[in-house]
Amino acid sequence: MKTVLKTFAAALLLGVAAMGVAKADPVKVGVAAEPYPPFASPDASGKWVGWEIEFIDAVCAEEKLDCVITPVAWDGIIPALTTKKIDLIAASMSITAEREKTIAFSDKYYNTPTGIIGPKDQKFGATPEDLKGKVVGVQVSTVHAVYAKKHFGATASEIKEYQTQDEANQDLAAGRVDAVQADAIALGEFLKSDQGKACCDMKGNVAPDLEVLGPGVGAGLRKEDTELKDKINAGIKAIRANGKYAEITKKYFDFDVYGDDPQSN
Amino acid sequence: MSAEATAINMAARASIWLKPHRIVLMLIALALVLCAAFFMRWDWLPQYWEMGLMGLWRSLWILAVTCALGFALAVPLGLAQAGGPIWFSAPAKVFCTIIRGTPLLLQLWLLYYGLGSIFPQYPWIRESWMWPYLRQAWPYGVLALTLSFAGYEGEVMRGAFAGVPRGQLEAARAFGMSRWKIFRRIWLPQAFYRALPTLTGETVLQLKSTPLVATISVIDIFAVSSKVRQDTYLTYEPLLLLALIYMTITGILVFAFSRIEARIPVKIG
Amino acid sequence: MTAADASNPGAKLIDAFLPASAAGIMELLSPVAPGWGGTLLVGLLHSVEIAIGATCLGLMIGTAGAFGKLYGGPVTRDLLAVYTTVVRAVPELVLILLLYYAGTDLINQVLTAIGYQRIDISGLAAGIFVLGFVQGAYSTEVIRGAILAIPQGQIEAARAYGMSPGLMLRRITLPAMLPFAIPGLANLWLIATKDTALLAVVGFFELTLATRQAAGVTKAYLLFYLAAGALYLALSLFSNLIIGRVEAWSRRGMPSVKEAR
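Protein chains in written order, with the numbering used here: chain U, 8 to 272; chain L, 23 to 291; chain E, 29 to 289.
Hint data in this document are derived by calculation from the structure and do not stem from the laboratory.
Warning: the hint list may mix true and false statements.
Chain U is faced by these chain L residues, among others (derived, beta-carbon under 7 angstroms) [what the hints assert, rightly or not]:
| hint | residue |
| --- | --- |
| 1 | Tyr135 |
| 2 | Gly138 |
| 3 | Phe141 |
| 4 | Pro142 |
| 5 | Arg148 |
| 6 | Arg157 |
| 7 | Ser239 |
| 8 | Gln252 |
| 9 | Thr257 |
Note that CB positions come from ideal geometry on N, CA and C, so glycine has one too.
Sequences are here, hints too, so could you generate the full structure?
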């Protein structure tokens, strides 16, 4: 009996191992498995498209890295990185001190303001007083969730957290939340869609809070992967310098998403 | 039972647990628990304590309400399939097949986001008395879980109704009972006793389905653990504690149901 | 949407399914690239792959577990009791999250400990492993019950012939328990097909996540969720058809249940 059990156990382990074996050393780039236009979203053929996808492809090409886009759930993207399911996060993740306790970040590669949208037929702004008694929708474990809780938690009637940004937008259109806070560009893209055009408009940008919102978006890396971090940083610098960054940006935006140049560089 | 017999019984029970290998296994388990307590991070517990209790309360409340409503719905569903005319039995059968043939997660998202996407087209919905409920997430969770419980338990009730011996019903008719009286006094109680043993299992399955409501932004105990995971970047601790909580609830449910079953005299003819 | 459409209740109903137009429904569901039908079908394929893999893995674990529970030593039996009790008491969603992050990490640590190289566990393998582990607990109970239902005489006769345990397993126990195990295992297969949907929560690309993405991009939520529901339903109805055949086949030579009563 023991031998039977042992053979089973060995067969199981080897079976799993055989299924899992993949080619050596591609860099698995984790993106959130949800539509987040214009930065990253799946198209009907299953390919991932968007500004951030083209950006990271350009960085990888520059540094001769063999990058594979690997979609994972947004709310588990940091555990996926630390348990080595992915090697790099390129999912519009803001660099914050809180996250830097767990993972490392590359230099920032874009920075955009944070906006609030709401129904067209209501007039309000983006201050705590404006959101008094309102239900505010945000995506879970984003800087926006932290910001909304910190600044609007006292006045808003509820901060509702959604697994994907798209579902928060959807519930705004359905009327279940009164306002949605997120990246102004991503919200702008939603407002351009038929559904967004019909229901909502931009209410304004929130007051800056560097501590919560961070200096911009960077690629998330494991702390021990300093070699990869150096390569990504070099890649970002190179495509900023050789015009590739501007070329990709022009395809999607009519302004520079990079934001201010960091003073310390 | 005499005191002596009770003592022997207790001793027998104790000796089951006091076999040498069990003591070793229990010591290993204890050591694992102590390791987890000492080497894992639990400093977040006080901060989320209150939220966790609220979440737990919400989970249990959803479980109780959906099981009760679902069972109430399962009785007519089972009855229609077991003895109803075709225009009752066919829709009931279709309903049960659809509920049992599709994942609950999909049903939940269909109800919440699918229905939600219709609202903008019908502005009057927002003026109706239902809007305060339609606006929130929990009614959709309760509805989906209730329908799911009704679908699965309806199938059980069909078998239970069909399993009541015809002789009993014929005897009741011979007594001159009205159809309603036969149903109330004979058919339903007999079917209920037959379905009772499955209720424990179905309720535990229902408990295991409740965390799905967290995906439509209801803050149950599962959602609280997700929040802890996202806030603290800990992966294992909140999930392990959550598993322990669910195991405890399951244990209590199984124990309570076995007590109830033992109390209800079995009178299956 | 034009003013004429707005006044027409039929058009409104169609709009509910789709922000664009009625003809667009077919376009959205078409299997070639501008339509999302292909994405859904790929998702369905992944779901079926995982369900098959998980059921097979579950069967292996279940057979080993059932034999361990019946004939194993006291320690094996206790450990298996813990395994089946814990898995059946904790929600699948929690187990999936735990195993998805911890389980694959653990396999790698075990592999490195016994001298193999660290492997890269693909999403598919992880999904199969996670669901298979859960299915294994239920299969253990089903198969254990089925083995206990084999008439004792058959096993004794085999022993009297001097069959080795391996031969007895292959020739007597496994084939004789099949008719008792098949209804339970068929039910487990149906559960497996539906449980694959839970992997959407960890971001694994299967039918439910494909639907969520298609719905999110096109905003035609109702349409895509209904389409996915139809696909799942078709899968389970088709499975039921096959299961009925298999059940009849496995019971060949046995007295019919109706006659026996």
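Here is how each hint holds up against the structure:
no.: 1; hint: Tyr135; verdict: holds, 6 angstroms
no.: 2; hint: Gly138; verdict: holds, 4 angstroms
no.: 3; hint: Phe141; verdict: holds, 5 angstroms
no.: 4; hint: Pro142; verdict: holds, 6 angstroms
no.: 5; hint: Arg148; verdict: holds, 6 angstroms
no.: 6; hint: Arg157; verdict: holds, 5 angstroms
no.: 7; hint: Ser239; verdict: holds, 5 angstroms
no.: 8; hint: Gln252; verdict: holds, 4 angstroms
no.: 9; hint: Thr257; verdict: holds, 5 angstroms
Checked against the numbered hints above, the structure violates none of them.
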